[in-house]
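Chemist: Quick mapping for you: the protein sequence lines, in order, are chains Y, R and L. Numbering of the first sequence is given in this note's numbering, commencing with residue 100 and proceeding in unit increments. Numbering of the second sequence is given in this note's numbering, commencing with residue 17 and proceeding in unit increments. Numbering of the third sequence is given in this note's numbering, commencing with residue 1086 and proceeding in unit increments.
With a cut-off of at most 30 Å between alpha-carbon atoms, the simulated BS3-like pairs for lysine-lysine come out as follows:
1) R:Lys-543 with Y:Lys-173
2) L:Lys-1158 with R:Lys-438
3) L:Lys-1461 with Y:Lys-236
4) R:Lys-211 with L:Lys-1161
5) L:Lys-1378 with L:Lys-1408
6) Y:Lys-173 with R:Lys-211
7) R:Lys-511 with L:Lys-1161
Since the hints were derived computationally from the structure, they do not count as laboratory data.
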Amino acid sequence: MTQPASYYYVPSPSYWPLVGALALLLLAAGAVLWVNGYSSGPLTVSAGFAVLIFMMAGWFRTVIRESEGGLYNKRVDTSFRWAMSWFIFSEVMFFAAFFGALFYARVLSIPDLASVDSQLLWPNFSAVWPNAGPGYKGTFSVMEAMGIPAINTLLLLSSGATLTWAHWGLMKGNRTHLALGLVLTIALGVIFISLQASEYSHAYSEMNLKLTTGIYGTTFFMLTGFHGLHVTIGVTMLTVMLFRVLAGHFKPDHHFAFEAVAWYWHFVDVVWLMLYVVVYWL
Amino acid sequence: METTAMGHAEVHDHGHGPTGLKRWLTTTNHKDIGSMYLWFSFAMFIVGGIMALLIRAELFEPGLQFLDPERYNQIVTLHGLIMVFGAIMPAFVGFANWMIPMQIGASDMAFGRLNNWSFWLLIPASLLLVTSLFVPGGAAGVGWTLYPPLSIQMGMGMDLAIFSVHILGISSILGSINIITTILNLRAPGMTMMKMPMFAWTWLITAFLIIAVMPVFAGAVTMLLTDRHFGTSFFSAAGGGDPVLFQHVFWFFGHPEVYIVILPGFGIISQVISAFSRKPLFGYASMVYATASIAVLSFFVWGHHMFTSGMPVTGQLFYMYATMLIAIPTGVKVFNWIATMWRGTLTFETPMLFALGFIFLFTMGGFSGLVLAMTAVDVQMHNTYYVVAHFHYTMVAGALFSAFAAVYYWLPKWTGHMYNEKLGKVHFWLTMAFFNMTFFVQHFLGLAGMPRRIPDYALQFADFNRISSIGAFGLGISQLLFLYIVVSCIKGGPKAAAKPWDGAEGLEWDVPSPAPYHTWEIQPQVK
Amino acid sequence: MTKQARWAGMPRLAVAGLLALLSGATQAAYKLNFQQPATELAQEVYDLHVWMMWVCVSIFVVVFGVMFYSVIKHRKSLGGAPATFHENTRVEILWTAIPFVILMVLAWPVTKTLLSMRDSSNADITIKVTGYQWKWGYDYLKGEGAGIKFMSVLSTPQDQLDNKAPKNDNYLLEVDNHLIVPVGKKVRILTTSNDVIHGWYVPSLAVQQDAIPGFIRDTWFRADREGSFTGQCAQLCGKGHGYMPIVVDVVSAEKYAAWVAGQKQQMAAGAEDPNKVWPLADLMKHGEAVYAKNCVACHQASGKGIPSVFPALDGSKIATGAKLEHIKTVLNGRPGTAMAAFGQQLSDTDIAAVITFERNSWSNKTGDAIQPSEIKTERH
Ligand code: HEA
Ligand code: HEA
Ligand code: CUA
Ligand SMILES: [Cu+2]
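Use the sequences and the hints to build the structure in full.
Modeler: Structure (structure tokens):
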């Protein structure tokens, strides 16, 4: 049977969207139950994750099959490019909200809490950064820019390079070169995540720096945490790409999935650079 | 599960695609998905509307009658959230799904499956919101603006709202990516950007706004969530945060959001006015630029919702001037519409009536917005019924009226039948009269100082409230007529021609009525 | 007349009808505008609004005059072919430029008023206003009367809210303790809050300022006539949001001085002896009053609270268990919940009394008589 429109591929009916909606329902309802202390919460969340993974596996399998089956022409490819760009733009805006919160705390709320009038409420509070707020009683140490964060910066920068190198391999048709580049990138990503994990545990166990350490702890962990989450997602996607490469997918002139992941990875990279400057450095 | 592909043109005789329930559950067809969006939107409009009637019933006279104060707050919150995210936005996405591919000569949306997912995500999101009424502690009683620290105090209804917003965000971001991509990449040859119908243009810009601000809203509610449960201090002064930070993040989203709910309406009105004036849209290019300017300006005015939060006077001045500037591009639109009518040959079928009602009443809402933008005056009006009146003039007489205009305008194309014109006109006049009865008097309540979001009020506010409540019930019941008109038009009625409106222009009128299941399988050539 | 022509007139008919309805309303002393201003600034705001209204109405009349002209004269039923023009650079520039000029003209006076509105320097009297769920606390910080401090709570009886008694004229706009200020003096108001955001809003003084927990915001007014002015909390602050009105009495300098003297005297006389030992019956009696004023809103007169929102005290572990936990709960509140730290609002005696009341009411029968001294030792 022929496709309805020859110039553009329209997928056939599919249950995956419905499954995906169910997954999010379970995840959301489960999370609500969980944070409110119901014992059914974790279970529901796990079920949600299971359904989500099932959905993603199935949906992506379909997409990959369609792609390898040659159903996607140049125009479909262009659609993917637009879509991925706008998706990354939406991610940029998500991070912008948290960067905005950090900016606001440093430039507006902390100085305001130390203003003349505020002495009525918070006597002796002075505006310095890092700061955990006038109500914070303990002491904590500050995350330094040198050490692990600096190493992590190097790691991510080099991973960007190795990924580009892999892309060259793909375009030249050199599959080993491609696979090796991917492996290196994934390895750098994994090291990054483990270093960040050890940085977190150090913060908690020795520096008394926690998510609950006032606005400094809040912005530090939320910004680096969401970034870490994105690195993890990136590594997962890179791994999928690696398997696809090993399965012989992608052609020098037709490999948008790979490029999309690369775009995503570079985006995560850029976010880190900004984090490094405003969270660790300044 | 995805082995069949659809090959035939007519929905009635294509025996290959799934039928019955399965068709709707699994569809990737933009028309099916558009219909589902529209029905969902109408269902939510009734749910949100019944909540509005509960509000108005409680406010019919002083004293507590039906709702205790907590329930009242919950109902107000859900009314706002459901109307904006459940009724208006999905209605416009429904129109976009149905019409944009047809208008630009594309066979379908760019991503059929994703499109279906965007729709189905609305179901869990609305389920979470509505069930929150029934969980221990009830729904979030914090207003649709979700301000902390009140929202920190709430029970699990608040968490349901938070996750509902996350899912709504995913849905509308994916939907918008789909729309943008479709418009940018699937236009027929010759359909240059500056030849696109206004509806497609306004949606392009709206989709951009959605992608830019929905993630910020998601960020804001995520901060609420971690402040509530994980001990972060975004919004707590003791930890160095600030409750007002939430207001900034929220309104950075919230103000563009109000243009998200009006810009597609502007597009619809532009097309309807031009069709029933039998004259090309006046100032097409300036319409495009005006829409874009509104979108750009909308990112710099959010502070006008926070004039009383104690920002520095320089901030107040900045936001005031920036807000006032929006009157200019919006004025350009109003003037262009009137110039389109000028020396046309006008007829007044129902879509045109709603379009005229739109221009008339939306402008009133715009003017009250301008009054609110004057910081010194807003200090007296903020959080009063004047604001409630303002935004119902823009969102009901604006967004909702434009949706009604769109339904009447395109119903013949969707169903192949003409709707009952007489009843349509009755629907318009009833809606028009009761709308004004409901909301015009609220200006006076606000001027006299009646705060919003209160379940009970002082005696001097009693009479206007009574008028408003009677109007609201009339307005609600009038919508039953709308439902009747639409259903009977689907069921039958005089056959509609491919182009039932002689003045209408655009590719959608080149396909038969009802539009076949697949349109533009061969792209048209636009000259 | 053709059908269309009749319809074309309908919107105006509707508006006319509405206006008729409203003019009927005016006779019954309805307000169609702001409340009567009581300060110079409020008068400016009033005039600004009236002026804005007329500017808008004029634009409206012109714009819709043109539209309705077109609706009536360019109907299809009158025959004639449609024109085809769709552009005219000159008018487009005009209708971009003219609104811009109008806006500048509008913005100018507003800017001036706003600047004076925000200039709170050189105040004669400074008062700190604290929002609580759901009452106001007033604290005279500087100027004549400094040191005076009191709470201001809605005084409309519950029966009227429940429609069990006829509503009096000041329904929902009356409080036990009015804020008293002298006429003609610049009063600076500092707002803050103890729990969630409230809004201190008195329309006839043209004052609305959010009260934000942990932050101080300010505003000011100088009343130019005596009188009693009412307002309400303007920011949604939970279930009692509709029930925290504000009453400001503007009085002459002499009356103000007399009021201050009276307050000072009361404060001196009322200074409690923290070491006094109270009999149980007295504690219960006083405690009941404190409870009625501060706790019923949430925990209810029945002590049963509201399930899942406000816990019952009747039979609660805290109210029947160890004294210390109970005292701590009331003194320090429960951060992150609606249960406020009452240590800042109530005296030792009040707290001792209300705790005693809670421990011996409903089905609670501990027999404890908590003394003010026990509270004092728990404060830090
Ligand atoms: C569809 C939705 C929509 C639209 C389009 C608008 C449009 C505008 N809004 Fe509105 N607004 C809301 C929805 C909307 N608003 C909502 C929901 C809220 C409350 C949220 C909440 O708190 O819950 C709100 C609140 C709100 C406030 C805050 C009030 C307060 O809380 O104190 C302000 C203040 O500046 C404001 C201003 C404006 C302005 C200046 C416009 C302008 O865009 C209007 C421009 C249009 C015109 C001016 C008319 C046409 C122009 C001409 C004919 C040209 C000639 C005119 C002149 C030269 C004057 N709005
Ligand atoms: C697009 C959005 C939208 C729409 C369409 C509406 C529609 C209506 N709204 Fe609302 N409204 C908001 C958005 C909207 N609103 C928002 C954002 C808020 C702020 C919330 C907040 O403060 O947080 C608000 C707040 C708000 C208030 C203020 C509450 C308060 O501050 O205490 C009031 C009070 O009158 C009100 C009334 C109404 C009425 C009478 C309608 C009517 O137009 C509704 C008419 C429709 C129907 C009634 C449904 C259809 C009816 C039938 C099919 C008939 C069958 C049913 C019966 C007759 C029972 N709305
Ligand atoms: Cu306090 Cu509303
Ligand atoms: Cu706004």
